[in-house]
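Engineer: Here are the chains, one letter per residue:
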Amino acid sequence: QKEVEQNSGPLSVPEGAIASLNCTYSDRGSQSFFWYRQYSGKSPELIMSIYSNGDKEDGRFTAQLNKASQYVSLLIRDSQPSDSATYLCAVRIQGAQKLVFGQGTRLTINP
Amino acid sequence: KAGVTQTPRYLIKTRGQQVTLSCSPISGHRSVSWYQQTPGQGLQFLFEYFSETQRNKGNFPGRFSGRQFSNSRSEMNVSTLELGDSALYLCASSSGTVINEQFFGPGTRLTVL
Chain A
1 QKEVEQNSGP LSVPEGAIAS LNCTYSDRGS QSFFWYRQYS GKSPELIMSI
51 YSNGDKEDGR FTAQLNKASQ YVSLLIRDSQ PSDSATYLCA VRIQGAQKLV
101 FGQGTRLTIN P
Chain B
1 KAGVTQTPRY LIKTRGQQVT LSCSPISGHR SVSWYQQTPG QGLQFLFEYF
51 SETQRNKGNF PGRFSGRQFS NSRSEMNVST LELGDSALYL CASSSGTVIN
101 EQFFGPGTRL TVL
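Taken in sequence, the protein lines are chains A and B. Counting in the numbering used here, the first sequence runs from 1 upward without gaps. Counting in the numbering used here, the second sequence runs from 1 upward without gaps.
Keep in mind the hints are simulated off the structure, nothing from the lab. Even for Gly, the Cβ is constructed at its ideal location relative to N, Cα and C. There could be a bad hint or two in this list.
Claimed, not checked - Partial list, computed: chain B residues near chain A (C-beta under 7 Å):
#1 Ile26
#2 Gly42
#3 Glu48
#4 Asn56
#5 Phe60
#6 Gly62
#7 Asn100
#8 Glu101
#9 Pro106
#10 Leu110
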């Protein structure tokens with residue numbers, strides 16, 4: 001079992017709709033969770049961090065964390081073509097000074 | 001505040017050579033992590049340094065090494081390059097003693113011929 005798993009996609013969503021990205025992790029003791037966006041040919045950019053169960057909203061982005069079920073999700077409301085990118089889920093494993101990344105989900109927003 | 005910088009941005013080497021990549025973290029950040037990104041393996045953790053000490057190391061052969069200087073700048077070295085070392089090498093910096101939010105540099109694209 002991989003430490004962090006994401007559907008690789010591609011996920012195709014019409015413009016203006018809600019894009020939903022999911023991530024599961026195996027280490028039950030994980031405390032910190034992050035979403036990064038990576039455009040083709042660019043480096044990852046941090047867009048959300050979440051540490052507590054529940055929802056965290058930032059503009060059009062909402063991160064959701066459920067530690068009991070060991071999943072974290074990212075919702076993008078009012079999706080725009082500029083949201084088309086690969087989204088990487090990252091988890092800090094308990095006791096480790098490193099982040100473990102999922103393989104990423106490729107998202108395409110169709111005008 | 002200036003972001004993470006990496007040099008060089010692009011590098012072409014041949015098998016058997018060695019290479020050194022450099023990373024300057026965000027001012028005030030003391031933790032620097034290095035990752036290798038390839039289409040097949042995704043983002044793979046290489047190592048992390050904090051205050052000149054390596055705190056964590058990924059599952060890479062000993063040909064991959066790194067160090068951190070007193071000004072928090074970091075270098076990574078790959079010796080005896082192999083074709084499979086072709087990748088985007090990313091450096092990320094973090095502010096605290098505990099790794100949380102990491103901010104990535106633009107990366108160094110290494111091609112091994």
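Engineer: Any hints this thing doesn't respect? Which numbers, in order?
Structural biologist: Violated hints: 1, 5, 6, 10; rest satisfied.
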